[in-house]
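With chain A held as given, fit chain B onto it using these hints.
Heads up: the protein sequence lines correspond to chains A and B, in order. Numbering that gives the first Met the number 0 applies: residue 0 is where the first sequence begins, and numbers increase by one. Numbering that gives the first Met the number 0 applies: residue 0 is where the second sequence begins, and numbers increase by one.
Honestly, the hints are just simulated from the structure, not real lab data. Heads up, some of the hints might be wrong.
Distance windows between CB atoms, simulated [said to hold, decoys possible]:
hint, chain 1, residue 1, chain 2, residue 2, range
1, B, Leu292, A, Leu17, 27 to 37 angstroms
2, A, Asn3, B, Leu139, 22 to 32 angstroms
3, B, Leu330, A, Pro23, 19 to 29 angstroms
Over 10 angstroms on every C-beta distance to chain A, these chain B residues come out as not near it, computed from the model [as the list claims (entries may be wrong)]:
hint, residue
4, Val55
5, Pro81
6, Leu95
7, Val152
8, Ala214
9, Ile218
The C-beta atom is built at its ideal place from N, Cα and C for all residues, glycine as well.
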Amino acid sequence: MTRNVIVILAVVIVLGGLFFLLRPDTRAAGPRERTFDVSIEGGEMNPAEISVNEGDTVTLHISSDERMELHVHGYDLERSVGPGPAADAQFEADLTGRFEIEDHETERELGVLQVRPR
Amino acid sequence: MDVQTRRVAAATVALSFVLVDARPALAHGFGPTYDIPIPLWLYLYGAAAAVVLAFVPLALFSGKERDATYRYPTFDLFSIRPLRTLLTSRLLVGGLRLLSVALFFLVVIAGLVGLQSGFNIVPTLVWIIWWVGLGFFTALVGNVWPLVNPWRVLFDWAEGVARRLGYRDGLGLGARYPEALGIWPAVGLYLAFVWVENVFGGSYVPRNIALFALAYTLITLYAMAFFGKETWLRRGEVFSVFFGLIGRFAPTEVRVKDPNVCRDCGGCEAGEGCVNCYECFGRAGPDERELNLRPPAVGLGLPERVPPGGAAFVVVVLAGLTFDGLLETPLWLEIVRLTPVTQTLGVILLPALFFGIYLCFVQLSRLLGGEGMGLGRFAAAYAFSLVPIAIAYQMAHYYTYLLIQGQMIVSLVSDPLGWGWDLFGTADFEPNYGVVGAGFVWYSQVALIVAGHVIAVYLAHSTSLRLLRDPGRAFRSQIPMLVLMVLYTITSLWILAQPIVK
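The following block holds chain B by itself, in its conformation from the complex:
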């Protein structure tokens, strides 16, 4: 059997596996949960708190005019000399990039040749450490993806080689990106990713992960060469767009002081200062760069030009993060009967439903206070304010996975392929399952979700003031958004309160 036939055979086997065995417990590569659903009383308490707290910003801040410009306190970490030397050192930056590429190749190699069942580093490394862990790091510390993105690094290296060989334009094929397409390619790729994560039954099989990674590498490298590296990273490289969105929540930002640097950049608006535009940051001189500490979540309130598909991407992310929790509820099981076809429909219909509901509430909000303003502009402005609820839900749902399943990485690094190695003497490490008690998990989950809700409500409030200027209109227009946020938060809590389907 040649490679081609074998691959087709493997795909057929994988597909039949999906068709026969669509157990939700194995639907994604996260392994078993150790959490008990939150009890009814705590669910009701969280829901009541969400309702009460939704109206606190209104009571506290209503009737106050707000400056139309968006300012918040920042502290430049680069102003501390030793820190600047450390953070900009070639050793650290180059080391991280090298490590990232090495891990990428580890995933591909271990996925293709390593043990396929049981001991293999790939599922834990990709789903727990990278997808969940890096997501948390991005939200809580800052977005390092533009620095370590292995596809960007590989492309940079390839381009360096091409230049040395005498191609002056590097790898660029020089095609013009159709601006009207906006970030719709990233929306499509994100939906595909959610499908692979949740519906495709073999997302925890190392070989599948490696094959998906290789396929994505081809798409990404080709598109970067075709449309230009920065354009594709901003418009189509789904993880750059995703971590960029989550990174708006982070308490750090990169900023370019000189607006002239950003004049020709299509990605950022120089008027409010160039924040988190890595293209401009890369171009700016060392003295023009700032690495700022800032209050958390303020990046989600930044007025910015939102590209076509921007609001849709946010809503699709909100739906995608909710989707994997929803998949495990008895209600979902009842509705869709868990066949791959209905699951796939769910991946498409749920974001569409989210988007429809969202647009209804935005339209209500516009009717109540936003006379004379386009629906598109309204929808784009409010979309970011919902992100804290999704981040809080993601954390509540997955932090115990990270704490318990994440420990597996200690033994896996010693035997990444499952070939019985013991590289670092940690292969026999047993995870400690008692890191967090179930009672603490309950309270922290509800506290996280309610905290995310409060941040979201505050963001919606400041967005409406910025958008409408007039406090009276802002007051009226934000009420539908508050109702939507209460509903979304209660849905998140509801999912956490559902019994686990075996």
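Looking at chain A on its own, in the form it has when it is part of the complex:
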């Protein structure tokens, strides 16, 4: 009986300790202002992936070679973009996960917004 208690305690201590040892402290960084220059050419978004942290304030300067309705899934953000001056989109990254950025009419995937949790 005592042996079982020792085994279970040892396992809990080892696994618990390992968890706190390995877990990085992401809170230290704090929310930041992030700005991205995004260009869409021939249905490809550059950069293809926008990666931010939860709580960041994100600004996108979007230029495109064709006129389209840009749609960010999950955030339900829509912007008319096209040739000419870049369109701006600003939002608070409060929803974590992986969200597709698509051309709303054709539902073609252009790129991905990835919001990592804290």
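Structure of chain B alone, referenced to chain A:
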């Protein structure tokens, strides 16, 4: 153009579509993932936990003799009067069967005549609600498939009509099922299903789903008439076999108290009590039936006669569940270059590889402690203990799909064909994407996989004790199985940690 040519043309178009456009993101009908791959540190932590926890049952329980009979606590839900009245009422049972057949026809009709791109209930209903959702329900609550299986219901109805018309034997053609064939038909059909789900590029196109459903209906109804309904449901109806396997994990079971009822049944072993044999359950009188609560996963440890192909079916399911995750990893993309031919080879070779690895470890285990016992018996006994790892992986991989994509069903029921209807006033419902945060998803995925691993390790432990009786031999023989389980669990975690291929 007549129907025939049009169908051939459609198939050609679909095939060329596959050949040109084999994007993995569209390879199955699940839509986009909202999950971020688990971070490296968490993957390493999960792997370390799997290694440490694999040896806990050995440390806790080794050296103890175990009773050779397999017993666990149960509680009969039918002993509560109102619950029994409710669960056995014709209204509930008949209602569920009717609903299931209605949904089946909805899939066929919406698939054939509904809108083919965008708004159509079929892909969500079939892939998310039925395949993922019913799979989860079966593992976590209980196996209701034998009750609602639309093919069984349709066959019962057709047989009722045939009897009324004067055919005394119903629809039975009375052919004898070759017992040596075992459940190999189900193995073959499951491989075909995995191919349709993952490789066939049009598995999310409503019309394809409807055509596959119709083709499967023909096969199933004909085979049921040919070999007998219960025989085919047990041997060849792949979803009955699949949900039956997953249902062994469930915390509920049906049981027949009187062993005499089961004497002539080929499917169950009356010695340990007749558990989850729906054929016997159907035959038993109302007082002989039990609907039991039981600890989860104990059904996977039940000693039972495993039909030929039984161990292979389990391994093919393990490989199949892993396959759709593996398809999305960069490594797979690198190896197979994603052409339909190599993908198809993958569907066949991956289960073969799994089976080969499995047999190697079983052979090792037999060498270390199972002198004088056949490889086949060993392989069959241990196969079930791996199932919790596959179920845990399936849940970790798909529960966010169910929670987020599953919400689409709310708007789809109002406009199932995509014709702009609004039957229930919910057509404009927008899914809530923030149900679960990505951080919670990470921790829950790793927790699920590690929990499945612990259950599997415990099952392997009790299987080895039951099989070998002698604790010393059991101790030695289970070590290769533990190593195999650690490897399988770490592979599951690895897939979840892989970047998503666009």
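For each hint, the structure was consulted:
1. Leu292(B) <-> Leu17(A): 27 to 37 angstroms: holds, 35 angstroms
2. Asn3(A) <-> Leu139(B): 22 to 32 angstroms: Taking Cβ atoms as reference, asparagine 3(A) and leucine 139(B) lie about 29 angstroms apart, which means the hint holds.
3. Leu330(B) <-> Pro23(A): 19 to 29 angstroms: Holds, at about 25 angstroms.
4. Val55: violated, 6 angstroms
5. Pro81: holds, 41 angstroms
6. Leu95: holds, 35 angstroms
7. Val152: holds, 37 angstroms
8. Ala214: Answer for alanine 214(B): holds, closest chain A Cβ roughly 29 angstroms.
9. Ile218: It holds; isoleucine 218(B) is separated from chain A by about 35 angstroms at its closest Cβ, greater than 10 angstroms.
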